[in-house]
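> Keeping the supplied structure of chain Y fixed, place chains S and U upon it in accordance with the hints.
Chains as they are written, first to last, in the numbering used here: chain Y, 1 to 366; chain S, 367 to 732; chain U, 733 to 1098.
Hints in this document: simulated from the structure, not taken from any laboratory. The beta-carbon is built from N, C-alpha and C at its ideal position, and this holds for glycine as well. No false leads were mixed into what you were given.
Computed spacing ranges between beta-carbons, pair by pair:
#1 Y:E175 to U:M870: 24 to 34 Å
#2 S:G486 to U:H1084: 39 to 49 Å
#3 U:E1076 to S:V395: 22 to 32 Å
#4 Y:E175 to U:R1071: 50 to 60 Å
#5 Y:E175 to S:V395: 55 to 65 Å
#6 S:S413 to U:E1076: 12 to 22 Å
#7 Y:A181 to U:S814: 55 to 65 Å
#8 U:G925 to Y:A180: 27 to 37 Å
#9 S:S413 to Y:N12: 52 to 62 Å
#10 U:M733 to Y:A151: 50 to 60 Å
#11 S:V395 to Y:V348: 58 to 68 Å
#12 U:M733 to Y:R243: 35 to 45 Å
#13 Y:V348 to U:M733: 16 to 26 Å
Okay, the calculated bits of chain S under chain U, using three or more residues with CB under 8 Å as the criterion:
#14 400-409
#15 421-427
#16 585-592
#17 647-654
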Amino acid sequence: MDPLLPYVAELNLVDHHCHGVLRDDVDAVGFEEMLTEADVVSPWGTSLFESSVGLAVRRWCAPLLDLSPHAPAAEYVARRRSLGAAEVNRAFLVASGITTFLVDGGLWPERLVGPSVFTGSRELPVIRLERLAEEVIMGGATGFPDQVRRALATAPAVAAKSIAAYRVGLELSGERPSDAAVVAACERWLASGSGRCADEVISRFLVWEALERGLPVQFHVGYGDRDLALHRADPSLLTDLLRATAVLDVPVMLLHNYPFHRTAGYLAQVFPHVFVDLGLATHNLGHQAGRVFAEALEIVPFGKFLFSTDAFGLAELYHLGALFFRRALSDFLLSGLRRHAFGEADAVRIAHLIGSENARRAYRLD
Amino acid sequence: MDPLLPYVAELNLVDHHCHGVLRDDVDAVGFEEMLTEADVVSPWGTSLFESSVGLAVRRWCAPLLDLSPHAPAAEYVARRRSLGAAEVNRAFLVASGITTFLVDGGLWPERLVGPSVFTGSRELPVIRLERLAEEVIMGGATGFPDQVRRALATAPAVAAKSIAAYRVGLELSGERPSDAAVVAACERWLASGSGRCADEVISRFLVWEALERGLPVQFHVGYGDRDLALHRADPSLLTDLLRATAVLDVPVMLLHNYPFHRTAGYLAQVFPHVFVDLGLATHNLGHQAGRVFAEALEIVPFGKFLFSTDAFGLAELYHLGALFFRRALSDFLLSGLRRHAFGEADAVRIAHLIGSENARRAYRLD
Amino acid sequence: MDPLLPYVAELNLVDHHCHGVLRDDVDAVGFEEMLTEADVVSPWGTSLFESSVGLAVRRWCAPLLDLSPHAPAAEYVARRRSLGAAEVNRAFLVASGITTFLVDGGLWPERLVGPSVFTGSRELPVIRLERLAEEVIMGGATGFPDQVRRALATAPAVAAKSIAAYRVGLELSGERPSDAAVVAACERWLASGSGRCADEVISRFLVWEALERGLPVQFHVGYGDRDLALHRADPSLLTDLLRATAVLDVPVMLLHNYPFHRTAGYLAQVFPHVFVDLGLATHNLGHQAGRVFAEALEIVPFGKFLFSTDAFGLAELYHLGALFFRRALSDFLLSGLRRHAFGEADAVRIAHLIGSENARRAYRLD
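Excised from the complex, chain Y in its bound form:
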């Protein structure tokens, strides 16, 4: 392994999409259940430590808890519990070198807590659109459009997040829905008796409203848990919506993208307002992340790629997400430098763009 390029090792990263970390300790089964996108450990497989990310925890996280590299899984979890959640969270968050976190805190708010509690880093909220809708719908269908507008206008968020991929798939129409159409959709939703926002018109309305208020919108794309169907989470299904919203001139972020990262790169090249990342996949692929990272950078302009971890629950995922991002970025740059594809000044510039500057520009963080 080559050493990390120093200007990659020293990047102060902006993690433009992550969730909180567990407030409390977790036992061995709970740890495995949060390690990958599987809900449960399957009796048909073996331990989920027997996966790329599991190997990565034993290799790269164990030493931060004063264990040997490759420590056995049971020893790792025991040591983790003996230290306690607060110390573990602090250790991994500090090691990540992330100095700004954009946090979607809308999942498990009772069990998770923001990373800044442990590091004092800058933390900025991302508002979860479908969750907002699920709160606003309580007030009835008629006032729904105005209530959503009011909530977005007053939310302290720097971005909004859409999980349309999970609820209706990404094939959203390009048409901005009228309030009447939204109210009708809300009436159908209320009549269904479900508390879950899963309507294409409403998902689309939420995205338009956020963008029109100047809030960048993050879309879950591709890889996630089993509640989605991967073929409905292909980012090119968003093409009509991207075409229609380009005129608003507000960033749209395609998150994760694996295994559609090449398709996402295409969208970021041709649509002026589209950015992409490789969060979630980076730590899940572990030592193999470099290949996918290089694929993701094939045609995306370097001014349109962002860093994120998508870390959720386990603080290890912040550390691993940042570590394998730095490793992949460094390897990508070193490989180009060795072929004389670009010079060192270019490499430094690309590192800073991807590590933090693109996020600062897109979210107006400065």
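Here is chains S and U on its own, set in the frame of chain Y:
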């Protein structure tokens, strides 16, 4: 090239999905026609020996027939014929190091014969669901559901195989069909006058019946011959069915998967009963198989990946399937060991899981 | 970096699909706008020189204009303008080593000019089917089928080009449309008031007519500008049409294909009349093209892969397309030679097939 890791070279492989080998000799054209998934040799292209698998035959199979590596194609085929089918079959099957074969013998039963005839290895049958339906439908629509149940209950098979990908595509509904719906589908089928089972309700019924009887179901996914449309053979189209059948707690195997192997890995991670392999692609990619193998192992838990050849007709394909599998697995492990991503005990463990233990567990072979 | 294999460096390439080069000079913004598939330079990103192809221009094109490798973008564009379009075009076209160009001149005919003007190379026209239809429809619906036939019969073209991917997507039916169906579609088109041919029946009709006249048909597939939706440009959507047209025994060329290049390779393997290339992607990926090139060659028979640049406007793209093609091909062959996957005679043969012989055979150029 690095030498194979000894614990990979010595694996006694379980080939969890293959077909038989040709009983009789084959001429030059016949050989080329069985080499890839093309039905015929095209006058627009050149010899099908000018392909990854063709080069692999000349490089790796020629020496086993006492020819030089890279022997010309014509010399290879002539030598093969002079030795005779029985000796050729024996040579390649023994060289493969496969000790257990799960055989889908439902294609060309008159021309193919099981591999154990030549090696004395363990051979276990896989029942082909659409073929079973095509036999049972002869007895009429009304008794179809019960006859299928009876046949599955008494079949000596260790697994069932669905070729829904070829017949109706993989977008199967998650609903278990009622007997009445199946009978109605059978009546439509009989009225169509076709002998071919190509009905979504029936394919789905067959899968549910097999799983409910505890028979693991293998699905053809992705790469195959020209009778399928690749976009309808994307494994994520199975999501609804996988979600619905998870409660049955019986393994579902996604076969081949190329070029959807990353999507398949996702499904194996998030669904407790899903396993995947890279059969067919491994020997067709030849010396390039390592890259795709590594991609296939990105997010799949190591307890959910299986070895198979999908060899059909030519005994060379068993040899090449096993050889490039071992080469790819060894390279994958060596690369990880060199980066210190895991230790040697982990590498040995992963090799055994993938080479045989996962199959033994999933099919209860012990 | 390894040196290029001499027999790859010396290939006289046939570029089986490209467009013309700009007749006049272009300023900095205009240059960036033609560099990638983005229409405009986005204020949200940075300069489009900060992309794989932008780095490649500075590295590999600058020295041909007597600048240092990696010259700054502004210096590059200034130097280019000072030399003038004619000299720049000549320099890059000569450097490409392409000796035969098949040119789709149907886009921007007023601003672009064929490459042979600058090199004296052989240049052969490709007729653009949708453009032909847009001319013929002026004469009314009734005579449309006959007028199309007359135009195709007398066109000097060696091939026809379909941009169905942009207009209706690639999911074309396999049925040959009747003249009556075509006339009805034309009437609908005329009634719509649009000048744009965007009808599935008409696109399909044009393809059948060209093939029946023995004209190979090129399809835009995959990567292109933002007027398409990538998921509707998947080549496997063409399966029904490919199955139906196989009997005509006339080549069908799948162009570009990224990121569906593996799927395209599958189609070229199983359909006797299908060829594929990796144009457009090759220069856009720059120093990363080798990985995708190797992926594209995984299962395609070597007699079915073609070279093209898809260069449009900027003569640099001919140079980069040829240069990265040679680099990728050389690396592919060297890697195989080092692993002893094939011998040197095989490598020379594969280089010549892909560099020119496949195109000569498919288009009957000799």
